[in-house]
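Residue numbers (this note's numbering), protein chains in the order written: chain F, 58 to 333; chain H, 35 to 377.
Hints are supplied without guarantee of correctness; some may be wrong.
As the list claims (entries may be wrong) - Distance condition first, Cα-Cα at most 20 Å in a straight line; then the derived PhoX-like pairs of lysine-lysine: (1) H:Lys211 <-> H:Lys151; (2) H:Lys134 <-> H:Lys145; (3) H:Lys151 <-> H:Lys134; (4) F:Lys223 <-> H:Lys134; (5) H:Lys174 <-> H:Lys145; (6) F:Lys223 <-> H:Lys117.
In short, the hints are calculated from the structure, not lab data.
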Amino acid sequence: MALDTTPKGWRSWVRYALLIVMAIIILFPIYTTIVASLKPGNRVLRNPLVPDSFTLDVLGDAWTQGRLGRYLWNSAVVAVIVTAFQLITSIASAYAFSFLRFPLKRFFFAIFMATLLVPFEVTLLINRRTVDSLGWLNTYQGLAVPFLATAFGTFLLRQVFMQIPKDLNEAASMDGLGHWGFMREVAVPLVRPTLGALGLFSFLASWNQYLWPTMITTEDDMNTIQSGLRLLRSSDLDKPNLIMAGTIIAAVPILVVLVVFQRQLVRGLTAGAVKG
Amino acid sequence: MFSRGKYGRGVASIRLVGVSKHFGDVKAVDNVSLDIADREFMILLGPSGCGKSTLLRTIAGLEDPTGGEVYIGDRVVNDVLPKDRDVAMVFQSYALYPHKSVRANIEFPLKVRGVDKVERAEAANQAAEVLGLTPYLDRKPGALSGGQRQRVALARAIVRRPAVFCMDEPLSNLDAKLRAETRAEIVALHHRLEATFVYVTHDQVEAMTMGTRIAVMRDGVIEQVGSPQEVYDTPASVFVAQFIGTPPMNIFPAGALEPGNLLVGGRPEDTTITRDQGVAATVVLVEHLGHEAQVVCAVDDHTRAIVRMNPSDDLPRNGDTVRLNVPVEARHRFDSASGTRVD
């Protein structure tokens, strides 16, 4: 096949070359992590980029020595609670901002949105003090409660609720539905793709929490997977590949969730972008 | 089948007493009083923005009136929720639930009212049969044509057997052929259901062919209420005269056809081109429609008049100067200031 040397062809070549470089930059840390996690400890620092030997022992060691099973369970419990509640609170608040009439609605919505401007780190200390005063250090509620509502979810769902035709709401009220009925029977089923995407985001964000679990867990039993990996590192300084193996194990559930819900995620993010 | 009031109260007359609906400074409906008899097919007709849909929505309970009282049967329903008014509504956009099958859409009002599954299914089957929807019961609305969706919306309305049907321009999204067919279906449905229909349209053909009475609205008020023939034969104002009838009634300036200060109107089919009597006008366009020809004449800078002629007649040509006349018995006279009928 002849090389395409037209200006359009060259642009295409340059574009693909850039994409390949960016893909290499993004995939490189993942590659080194996988290679290191599959190499025996004594060979990990020799030719670190070359997969010249293979063992599953390191993954096994990380699982047992790091108590990753326990940490994964904790992460799953917290992520499921946070996701469920974020969906519920986002649906309720977004519905109110979309369909209910009440005084100062725009003002309250602006306040809601303003919380998006406050970085979590700003509220970290005061939240920790609150959780401590409630006696919730080293508890699931301590890990989950500060994240049960999200302004982002409210915003996202409000945008899609607003696209539901007004006639549908009125038809439902003629049919005999009140607000709860309309929300349950019509509004929520219609925004299911966006709910899927929001659920996935909530789950990922909760799963990847590091700072908060580190701050409020002092007992090993209550570590989540991300805060638990830190202990793996400090306990086995001479085995750098252990932490790599732990990271791989920590990423597997997320990978599974992403693969399973990938279509949902893309549909949810593009929902309403084009008139259907 | 579908006798009314199965799930509702079965009361069907409607009375509006001084009903107003204001949106800020805009008077969408202004002090409207109207009696709609039991089992009547009342058309609310008028141009866009005249308040006809707002009035319909006020009857249905989707708008709270700013003033006045709405009676359905013998009770005031101002504070009654839409679902408790025994009224069904068919929307211009159909407003079907896109995630539910046709069957689920039709059954839905009954499901909400707690009707058991077997009875629901039976009622949905009957409604689907009446409207020719049986083959489509398991489809989603997205897989139906516009006409089929409209029929699903009608089926969802009739399945509840309400006493009153409110319809807000239900045919406006259909093509001309389908519109004519569905028009006939709705009229047949009215006979079958023995219910009161209130039907909003801006299409005078729908109004003339479907309604037992027409209320012509303009700027939030009712200009005239009457049977289609009454409204056509004796329009109460220049506005009604020109809104009803295609082409509209010709209105000649005061003093042109008759001495005095009255505007004189004549239907295009009553207006004739004569040799020596009548108003002088210039032919600006001759339209051939096959079964007839319409001769458009300019009476003056602001007044056009249309004459319907037989295409085989000796038709004038563009630019010809002609005289237009209306037989005395076919003339309509209107006050030149208020525009209201004076005879």
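Results of checking the hints against the structure:
1. H:Lys211 <-> H:Lys151: Violated. Lys211 (chain H) to Lys151 (chain H) sits at ~37 Å, over the 20 Å cutoff.
2. H:Lys134 <-> H:Lys145: Distance of about 13 Å is within 20 Å: holds.
3. H:Lys151 <-> H:Lys134: holds, 16 Å
4. F:Lys223 <-> H:Lys134: holds, 17 Å
5. H:Lys174 <-> H:Lys145: holds, 18 Å
6. F:Lys223 <-> H:Lys117: holds, 17 Å
Hint violations for this structure: number 1 only, all remaining hints satisfied.
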